[in-house]
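These protein sequences, in sequence, are chains A and B. full-length UniProt numbering numbers the first residue of the first sequence as 1 and each following residue consecutively. full-length UniProt numbering numbers the first residue of the second sequence as 1 and each following residue consecutively.
Because the hints were derived from the structure by calculation, they are not lab data. Honestly, I wouldn't trust all of these hints.
Said to hold, decoys possible - Interface residues of chain B toward chain A, partial, derived using beta-carbon atoms under 10 Å:
(1) Gly131
(2) Thr133
(3) Ala135
(4) Glu137
(5) Gly180
(6) Leu193
(7) Asn302
(8) Val425
(9) Gly431
(10) Asp448
Heads up, the beta-carbon is just placed ideally off N, CA and C, and yes, glycines get one too.
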Amino acid sequence: MTIFTPSTEAEIVEAVQWALSEGAPVEVCGHGSKRGLGRPLQTEHTIALSNHSGVTLYEPDELVLSAKAGTPIAELEALLASKGQAFQFEPMDYGPLLGQAAGQGSLGGVLAANLCGPRRLKAGSARDHVLGVRVVSGRGELFKSGGRVVKNVTGYDLSKGMANSWGTLGIATEITFKVLPAPETETTLVVRGLMDDEAARAMAIAMGSSGEVASAAHLPVNICGRLVDGVLKGEASTLLRLEGFAPSVADRAAMLRGLLSSAGAIEELSGEISRKLWQEVRDVIPFADGTERPVWRVSMAPMEAYKLVASMRMGAAADAYYDWQGGLVWMRLDGEPEAEAVRALIRKYGGGHATLVRAPDAVRAATPVFEPQPAALAALSKRLKQQFDPDGILNPGRMVAGV
Amino acid sequence: MSGLVMPKADAATMSRRKEIVAALQAIVPGEGVVDVASAMRAFESDALTAYRQLPLVVVLPQTVRQVSQILKYCHDNTVKVVPRGSGTSLSGGALPLEDAVLLVMSRFNRILEIDYPNRVAVVQPGVTNLGITKAVEHEGFYYAPDPSSQIACSIGGNVAENSGGVHCLKYGLTANNVLGLEMVLISGEVVRLGGKHLDSEGYDLLGLMTGSEGLLGVVTEVTVRILQKPATARALMVGFPSSETAGQCVADIIAAGIIPGGMEMMDRPAIHAAEDFVHAGYPLDVEALLIIELDGPAVEVNHLIDMVEKIAGRNGASSCIISQSEEERMTFWAGRKAAFPAVGRISPDYLCMDGTIPRKELSQVLAGMRALSEKYGLRVANVFHAGDGNLHPLILYDANIPGELRKAEDFGADILRLCVKVGGVLTGEHGVGVEKRELMPEMFNEIDLNQQIRVKCAFDDKHLLNPGKVFPQLHRCAELGRMHVHRGQVPFPDIPRF
């Protein structure tokens, strides 16, 4: 067993070429914070980018930041905060859910897993903010795509192509992201006591208003006590986050209170507790229980997702909450992952995809972790993999068995 | 004359023209196949009118099934296909080929579904960009990307080009506003990417498709995000004694945490051409003019107008007018929006370029452009999406003077080389097409380009879709498949050194 810890691009190229010459598949990771996600790998060797770290370019006025793939996200977020900026897509931290310490993720993993957070509807995910990449392909070749400017359509967007590829197409060595001003002020309106379907309607009204709601989430009553030290305990809570300059936030909060006055009692959480609440929603803290009980991440149309949850609750002990105006479901089951039931319901309610983000190794080896694709699409994905990694040496089988 | 060289027409395909036309007529009956030269003339160029070519035949399908059958026929019979939306490409993306079927998607013009609670519209690709906004504006919604051709350009073409517009720093490009596609592969297979939900279950094929310039597949349905229109919008029109001070003002606005809805800069020649044309009240004694638009709730807009006004003052603005009415705001924009036709009035022809640069390099690039302008003896006017560094130099020339188009093309190429040299890129929103194809090696080395072509190979291994666009040379897929590293031949010890 060999663990490569390259600290330069040339060493990453050498490591991949070594793997090619040996015909030896490798696991590709940063600090290994998401090792428990995806299909378990059977590789003997590892290329870990944890030593390939450091910011290579940060120009706040130009809204761009480039760093080596192994740079810890926590370090980058602190740097951005010192200039009043942030990754607007607020990449989540899988650590707590997967039984690891928080703050272990690195930049490469943000793109490889296409991370994002509660601001997804308004601000997008990693794929929407990546501007350029340098990548070592499974052919052992270093290529670049994109650039360091915020508007660029020159050639295919291979930077987006790397998003959600889980290290199976190439090893990103250096990534450039668009960065934006951090919101000056934030506050959260909390509508109490709504059922899931009522919450979906309330969130749709809020998101479709001129209130510029940055995030909308719904916590059913049994979830509420598990966030921000139980402040919301007792009643279901529908959360609407407002961000921006203080006068604007106050104005929009007043407008939304009027708009939703008939929906239920409205409370408000401001400042630090609002920030903490959304971070915990983002990082799935309600299910960070130290167990390996199966957890699904389901993306559907916002007005359909609660129907899936309702159906699941009838047949299994399902615990769930919603982000993205209801379109993102985090769902924990007590027994088996029930993959076929979950995916049949997705098809029934207008489509989407479900990822089994947590389960014991044996379960993830036997269950398709990522949503299976129709034949023509699966074949296209396979052809793409072959064009980047013809010998199948990079994270083989991490996403789909045999690919 | 023009320096453009397109791939050599395939004589065998040309000789089968009758048979190809008949096969297409069998798939699309009635008036869906156009094969008479006089009628095909309407399709001989897109908005890059310097280049013209009659296609082999034009086909205008109406159903997904027909598109699938056409592509399958072309794939099975090795016939090239050039897809076309409304034909508004500024880079020649829809330029026909003599030996290729021109697949025109304009009959796919229906809005299929508007879903306000999920805030999406599902439309056919031939629907115009503005058509989407028109369909939802009575409910207070709109579709955010607004390329200047939005009245005519199709959403399918927007996907192919990843179109932008003046509001994209705040609201994103097409890629950030499209949630799903149905598309037909060259094999005839129909696949769906995304939908009303977000992000992909696997590889981000939607991200690869957006901006692929018609080389990977033919879009037959698009799901887009619709947004609530901002409650208000106001604009400032600010004059500066130099491009440096204007550029610093832009940097300071962003440093203050403000991302304006739009932030446009014009240089002296562009200001004068626009003012002469539409009389927008632009100051004529300034070197640079900024139009800065703030949108959102009235309280926010007023708050930000104050902040921006102070920043402009600190940067030595020589004039600053704030719109007091919707009418006045539209007048500010009238000149900027008419900049291209305004330049068209002062010159028989012009080439519109589209590079992006790091904003801090603006003064150096403008100085470089002035030097090039003297070298080539051609005038240039600049409009600039100042927030995101996207430059649109307009090169003035006269196509009736022999050799002048070629000179303008060379001037444009030198401008784009300069953009790349200072850390920028060849195209911010117009696409590579045929126009910037030969310049790709300025930005990418052979390995970079080959990896892009390998993506093409995954979608279209016979290179039948839109050949001659984007890439200077398309290597055969089999050739690219060879590995340069062979087992046992790499001189690396088994134990790593790092």
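Q. Hint check: is the beta carbon of Gly131 of chain B less than 10 Å from a beta carbon of chain A?
A. For Gly131 of chain B, the interface hint is violated, since the closest Cβ of chain A sits about 21 Å away, which is over 10 Å.
Q) Regarding the hint that Gly431 of chain B lies at the interface with chain A, is the smallest CB-CB distance below 10 Å? A) holds (6 Å)
(Q) Checking hints one by one. Is Asp448 of chain B an interface residue toward chain A, by the C-beta closer than 10 Å rule? (A) holds (5 Å)
Q.
A closest beta-carbon separation below 10 Å is what the hint needs, so does Gly180 of chain B meet it against chain A?
A. holds (9 Å)
Q. With a cut-off of 10 Å, does the beta carbon of Asn302 of chain B approach a beta carbon of chain A closely enough for the hint to hold?
A. holds (8 Å)
Q: Closer than 10 Å between Cβ atoms is the bar; does Leu193 of chain B clear it against chain A? Give me holds or violated.
A: holds (8 Å)
Q | Ala135 of chain B as an interface hint toward chain A, with CB separation required under 10 Å | A | violated (16 Å)
Q. Given Val425 of chain B as an interface hint, is the shortest Cβ-Cβ distance to chain A below 10 Å?
A. holds (4 Å)
Q | Satisfaction of the Thr133 of chain B interface hint, Cβ to chain A closer than 10 Å | A | Status violated, d = 15 Å.
Q.
Just to be careful: measuring from the Cβ of Glu137 of chain B to every Cβ in chain A, is the smallest value less than 10 Å?
A. violated (14 Å)
Checked against the numbered hints above, the structure breaks hints 1, 2, 3, 4 and satisfies the rest.
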